[in-house]
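Q: So you can see what is in the structure, the chains are spelled out below.
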Amino acid sequence: MKQRKSDEDAVTTHHTMEIAVALMFAALAVVVMIDSNRVGNGWASDGPEAGYFPFYVGLIMFISSAAILIANLVSRTPNRSTFVERGQFVLVMKVLIPTIVFVGLIWLIGIYFAAAIFIAFFMYWLGKYPIQKILPVAILIPLALFVMFEIWFLVPLPKGPVEAMLGY
Amino acid sequence: MNLMHGFGVLADPMNIVYMFVGITLGVLIGVLPGLGGANGVAILLPLTFSMSPTSAIIMLSCIYWGALFGGAITSVLFNIPGEPWSVATTFDGHPMAQQGRAGEALTAAFTSSFLGAFVAIVLITFLAPVIARFALQFGPAEFFAVQLLTFCSFVGMGKEQPFKVLTAMMLGFALAAVGLDSVTGQLRMTFGSMELLRGFDFLIAVIGLFGIGEILLTMEEGLAFKGKSAKINAAVVLQTWKQLPKYWATAIRGSIVGCWMGITPGGATPASFMSYGLAKRFSRNGHKFGTGEMEGVVAPETAAHAAGTSALLPMLTLGIPGSPTAAVLLGGLLIWGLQPGPLLFIEQKEFVWGLIASMYLGNVVGLIVVLTTVPLFASILRIPFSIIAPVIIVICAVGAYTVHNAFLDIAVMLVFGVLGYIFKKLSYPLAPLVLALVLGDMAESSFRQAMLLSQGDLSIFWSNPLVGTIVTLALAMLFWPVISLAIGRLWPRSGSKAAVSLK
Numbered sequence: 001m002k003q004r005k006s007d008e009d010a011v012t013t014h015h016t017m018e019i020a021v022a023l024m025f026a027a028l029a030v031v032v033m034i035d036s037n038r039v040g041n042g043w044a045s046d047g048p049e050a051g052y053f054p055f056y057v058g059l060i061m062f063i064s065s066a067a068i069l070i071a072n073l074v075s076r077t078p079n080r081s082t083f084v085e086r087g088q089f090v091l092v093m094k095v096l097i098p099t100i101v102f103v104g105l106i107w108l109i110g111i112y113f114a115a116a117i118f119i120a121f122f123m124y125w126l127g128k129y130p131i132q133k134i135l136p137v138a139i140l141i142p143l144a145l146f147v148m149f150e151i152w153f154l155v156p157l158p159k160g161p162v163e164a165m166l167g168y
Numbered sequence: 169m170n171l172m173h174g175f176g177v178l179a180d181p182m183n184i185v186y187m188f189v190g191i192t193l194g195v196l197i198g199v200l201p202g203l204g205g206a207n208g209v210a211i212l213l214p215l216t217f218s219m220s221p222t223s224a225i226i227m228l229s230c231i232y233w234g235a236l237f238g239g240a241i242t243s244v245l246f247n248i249p250g251e252p253w254s255v256a257t258t259f260d261g262h263p264m265a266q267q268g269r270a271g272e273a274l275t276a277a278f279t280s281s282f283l284g285a286f287v288a289i290v291l292i293t294f295l296a297p298v299i300a301r302f303a304l305q306f307g308p309a310e311f312f313a314v315q316l317l318t319f320c321s322f323v324g325m326g327k328e329q330p331f332k333v334l335t336a337m338m339l340g341f342a343l344a345a346v347g348l349d350s351v352t353g354q355l356r357m358t359f360g361s362m363e364l365l366r367g368f369d370f371l372i373a374v375i376g377l378f379g380i381g382e383i384l385l386t387m388e389e390g391l392a393f394k395g396k397s398a399k400i401n402a403a404v405v406l407q408t409w410k411q412l413p414k415y416w417a418t419a420i421r422g423s424i425v426g427c428w429m430g431i432t433p434g435g436a437t438p439a440s441f442m443s444y445g446l447a448k449r450f451s452r453n454g455h456k457f458g459t460g461e462m463e464g465v466v467a468p469e470t471a472a473h474a475a476g477t478s479a480l481l482p483m484l485t486l487g488i489p490g491s492p493t494a495a496v497l498l499g500g501l502l503i504w505g506l507q508p509g510p511l512l513f514i515e516q517k518e519f520v521w522g523l524i525a526s527m528y529l530g531n532v533v534g535l536i537v538v539l540t541t542v543p544l545f546a547s548i549l550r551i552p553f554s555i556i557a558p559v560i561i562v563i564c565a566v567g568a569y570t571v572h573n574a575f576l577d578i579a580v581m582l583v584f585g586v587l588g589y590i591f592k593k594l595s596y597p598l599a600p601l602v603l604a605l606v607l608g609d610m611a612e613s614s615f616r617q618a619m620l621l622s623q624g625d626l627s628i629f630w631s632n633p634l635v636g637t638i639v640t641l642a643l644a645m646l647f648w649p650v651i652s653l654a655i656g657r658l659w660p661r662s663g664s665k666a667a668v669s670l671k
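Chains A and B supply the protein sequences, listed in that same order.
Using my numbering, read the first sequence as starting at 1 and increasing by one per residue.
Using my numbering, read the second sequence as starting at 169 and increasing by one per residue.
Everything labelled a hint here was simulated from the structure, so no lab data went into it.
The model shown is predicted, which means the values in this text are computed figures rather than measured ones.
The reader is advised that the hints may include incorrect statements.
[What the hints assert, rightly or not] Only some residues are given here: those of chain B computed to face chain A with a beta carbon under 10 angstroms:
1. L215
2. Q329
3. K332
4. A342
5. A344
6. V346
7. L355
8. M357
9. M387
10. W409
From the three backbone atoms N, C-alpha and C, an ideal C-beta is built for every residue, glycine too.
Assemble the whole structure, with the sequences as input and the hints as a guide.
A: Pasting the structure below:
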């Protein structure tokens, strides 16, 4: 992976992000209001209906996100400063993408082996550690978790085929 | 008498063991990036399901005290606040460490944290039973009014833009409403999904928002931790303790600011800043603040700890947490089958007074633990981020899974993590979101009960002087940004003065 040198490169500005997040909130508020309307936001014979409270929650959310949106759209001095620099964005993605893969792996092979692979990968890729330093950490931490949860506290964590083979 | 009874509960040696475990884990959590009081307690909460509620709350509240102490270590030694409330501690704490006075700075920080907490605990001891007795007369309308006041205070007292506070808060309420409506049995916002039937658990949200979000933020700031080493020995401690009485006025001011901000949901973070600002204005050495003044460490630490501790007062007496961590503890009470609120003081005497007694002892234990183990925890911080980060992410995943034994929760946690990262950067506040998510169902049900009583007439909220006052106060808080703007226009001078003192 080649990292770009110039850190001033903005991936996006604060202004754009503010508008995007406000729009997201407004959309969510509309969903909340529509669904509250579906279950009824009025007054039934036995008191307020299920959508009574959430409807107003959605309404306030819509109004306040609209206010943020309008304030950002009409602002004469929009905050054009960098929301995240390219270098920073790459760093964040370097954590986020392996984490997403890790969560996927949990589903496939259980949390213990996924954790070992995740920690080893992270240390190798970002920390550039030699293998003899990686192995103890990547093995001992999941093992400690296993002892603590499966044996000590008797709280089952997601397990995959390998643990099943070992009889857990 | 009740307190003595509480100390009797502590006589169980296992509770003392849990206390030490809690404090040590708490300091560890406070020191590590990405783990803090709120998500640390959230992750460990599922492990306490099988304990007795009293032992569980003792351990979890001790984690909280430990985290409060631990935040100071990273601030002083590494100039990285381990917790948001220790940001103000970096201003003078880190310069002291750079001058080779790290030991003094840490001793001052720990001792003043202890003092602040102690004042708050005494306040809880005497005030909590009074408030609880008073709150016994509350009906649904009164409860909703108090909850309204809590949420409106976020708008009036938060330093974020009012509309952002409102938006984040409403997101919390909306997420809380997802799932089965307990009154009518109807499904709300599940869109036919079985997984959404359970609703959104605030523990998952807390672990994601504060844990994963924090890791992403830390990653962005780069990975270098360059710290000062600390040596604390008895001589340094005694020497510092000799100097501390000079700052009694600052300590008292900090404690008062902290208690006030903790009970009203201002929280520990603004309390620490406010106390630092006040100390800077009133101190003779105010102009030297920022260059390594011990007073500049005392002020934020007393306030942060007093606020963090007194946040438990409204949680216990009214069922309204004053901080995100208190909110998680409140969630714990509900899981253990205890209903927080005034009745707790009648029906669960042993639990309440055991907890209060454990606060006294827990803070003494905390002070001893941190003073003796600082070098150990400082060395943990020297572990490179590329090892710590994946381990913390794994712990967060484990914590999220154990809440309901649901795989999807891990994915939800990840989504909350990304949200937390974006919200932090755009300064949407997380505390009202979390509190709304925790209190959403309670606020809704007291609102509906009140509406049932009055047959839908909103005037029930002004039906007696008590509820009327609270609701009016709440509305004043809600519209405070507008009101203060108007005051500023009408009387420019006094307005600007008020603005300065608020800083």
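Q: Evaluate each hint against the coordinates.
A: Hint by hint, here is what the structure shows:
1. L215: Holds. Min distance 6 angstroms.
2. Q329: 7 angstroms, holds
3. K332: Holds, because the Cβ-Cβ distance from K332 of chain B to chain A comes to roughly 6 angstroms (cut-off 10 angstroms).
4. A342: Constraint on A342 of chain B satisfied, holds at 5 angstroms.
5. A344: 9 angstroms, holds
6. V346: With Cβ-Cβ at 9 angstroms, under 10 angstroms, it holds.
7. L355: Holds, because the Cβ-Cβ distance from L355 of chain B to chain A comes to roughly 8 angstroms (cut-off 10 angstroms).
8. M357: 5 angstroms, holds
9. M387: Hint on M387 of chain B: holds, closest Cβ of chain A at ~5 angstroms, below 10 angstroms.
10. W409: Violated. Min distance 39 angstroms.
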